[in-house]
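Line by line, the protein sequences give chains A and B.
Position one of the first sequence corresponds to residue 414 (the numbering used here), numbered consecutively onward.
Position one of the second sequence corresponds to residue 170 (the numbering used here), numbered consecutively onward.
None of these hints come from the bench; they were simulated from the model.
We treat Cβ as the ideally placed atom computed from N, Cα and C, and that holds for glycine.
Some hints could be false.
Label pairs and their calculated CB-CB ranges [what the hints assert, rightly or not]:
1) T684(A) to R186(B): 41 to 47 Å
2) I353(B) to T684(A): 35 to 41 Å
3) P373(B) to H557(A): 44 to 50 Å
4) A343(B) to T603(A): 27 to 33 Å
5) T684(A) to L191(B): 28 to 34 Å
6) E622(A) to P381(B): 51 to 57 Å
7) I353(B) to A562(A): 39 to 45 Å
Stretches of chain A that chain B covers, calculated by requiring three or more beta carbons in the stretch to come under 8 Å of a beta carbon on chain B [to be verified]:
8) 674 to 681
9) 688 to 695
10) 699 to 713
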Amino acid sequence: MCGILGYFRKHPGTDAQLGATMLNMLQALGRRGPDSAGVALVGPAHRAGCIVRVTAGGELEMTPQAIEANREAIQVFAASLHGASDLSSIGGYVRFVLNGDVDLLAFTQAIESIGEGIEVLSIGHAMELSKEVGTPHLLEGKHHISAFAGTHGIGHTRLCTESMVDLSHSQPFWGRGAADVAIVHNGHITNYHQLRRKYEQRGVRFMTENDSEVLAVYLAESLNRGETLRQGLDGVLRDMDGAYCCLAVTATEMGFVKDPYAFKPLVVAETDDFVAVATEEIAIRSALSGDYEVSEAQVEEVRVWSR
Amino acid sequence: MVEIAAVAIDAETLSTREVNALIRSRLQGGATEIIVENPNARHNLAVALLQPGRVRFLGSVGYYCGGLMDGAEIHVQGSAGWGLAESMSHGSVVVHGGAGNGAAAAIRGGTVVIHGDAAARLGVSMKGGLVLVGGDCGYMAGFMGQKGTLVVCGNTGAAFADSMYATTCYVGGAIGNLGTDAVIETLTPEEAGMLNGLLAEHLPPAVRATKPAGRDFKKVVAGRKLWNFDKHNWKTWQDAL
């Protein structure tokens, strides 16, 4: 199953309720995915630098001591960087702001080579990603996502069907190497192995066995080539086989694509104030009051909203 | 016994099982109309209702509303999720908004009216009854329909009326494309009159006024090429499968 959702506020300026709205939507989809929960939230942009979010390791695979050692090593590394600021950590997560331009992929690999289990979860001027094994309630307890003020975001509750349950395999996935890009996906990419082999031959490194990761890799590459999010999502329809609904965010946009057979559910509500997209209408109704219509997306539908 | 006219149920604090049990017991107790407040797009509401009576949902319902029903009348003052009225025997389901995938799939009888749009796989494998959509419908509507009538006032998605047996379809707008073995037949004046009657009966006057006239509908039926296997016709089968 899995549940996916997106919320996009149309008004200029940040919405103090963004995190709370997203949490309500996520909780309504909790039944669809008890294995893990996560969000990619877009806040006010850091003009000078990028917000980096790193996990020191998952609690399922590593001892608390090993995670703590990794966390300290990441902090030492971040503190040694020229231009790093706002260093903080919650649980096994380390967050800091990296000022100045860097090669994101090389920087990511540098951090991940510090120790086994370390993974960069997101880098962006405005987008921050949090995910945990467990329920939306647990995600909120650790990361207080309800306090996040911003403009738009996507979320995911996971029912694992093929790959393993751990932090790394949870969603959203960051589009590694592309600032502010993240995806959530409900479905199966059936030509995943072919696509992965093609990417790996070109040297792209995959972090998981989760077929959804290939969507993040695909969109990151598309956007880094200079394509628009719409072009990227149109490309998904062309190049991906299977049953899928995928939502994606950039610093200024949110969009979705639905497969050519409509095997997976996705409903949309749009008003003058907001756009809400979710696997089930219950997620939208339980988070957003008011008189609005909700309709199912059609086959091969691609829609993108921009700020 | 005193007849109880209408009974309200607030679903907000009840489980779905409790809501459904209350609907049943109130109808058995003689209520003629049950009004359900705060359905909140929840799944499995009013599934397998087997007695007559009217149930009105003041808001959207989730998946499978009215599924396996026999004889009741359901009004949804909102939209509906997947599998609306699936495998219904008799009765009627009216949705004021749109419906998700697989609405009226495999119904054996009764009437399903959707004022808004229907998504993919509308009325697939229907075995009788009437499905009437005020707006557009999605991909693969009418697939393998065996009997009954499917009316779409707006446009259809791709693969419309694919591999049908004997469902009769009428489309007021544009057909995305016809499915395998679907053919357009000439609409008779009697059928145009019948469509005018159906639209007047099932759509509110203001909604009806925006829909095409009966004579402007296209009629789609099975070309009967897939009804019996014929090895000389292998290409058609290859395309269908």
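Taking the hints in turn, this is what the structure says about them:
1. T684(A) to R186(B): 41 to 47 Å: 33 Å, violated
2. I353(B) to T684(A): 35 to 41 Å: Between I353(B) and T684(A), where Cβ atoms are some 39 Å apart, the hint holds.
3. P373(B) to H557(A): 44 to 50 Å: Given about 48 Å between the Cβ atoms, the range holds.
4. A343(B) to T603(A): 27 to 33 Å: 31 Å, holds
5. T684(A) to L191(B): 28 to 34 Å: 33 Å, holds
6. E622(A) to P381(B): 51 to 57 Å: Holds, since E622(A) and P381(B) (Cβ atoms, about 52 Å apart) stay within the stated range.
7. I353(B) to A562(A): 39 to 45 Å: 56 Å, violated
8. 674 to 681: Holds: 4 residues of the segment 674 to 681 of chain A have a Cβ under 8 Å from chain B.
9. 688 to 695: The restraint on the segment 688 to 695 of chain A holds, since 3 of its residues have a Cβ under 8 Å from chain B and three suffice.
10. 699 to 713: holds (count 8)
Hints 1, 7 from the list above are not met by this structure, while the remaining hints are.
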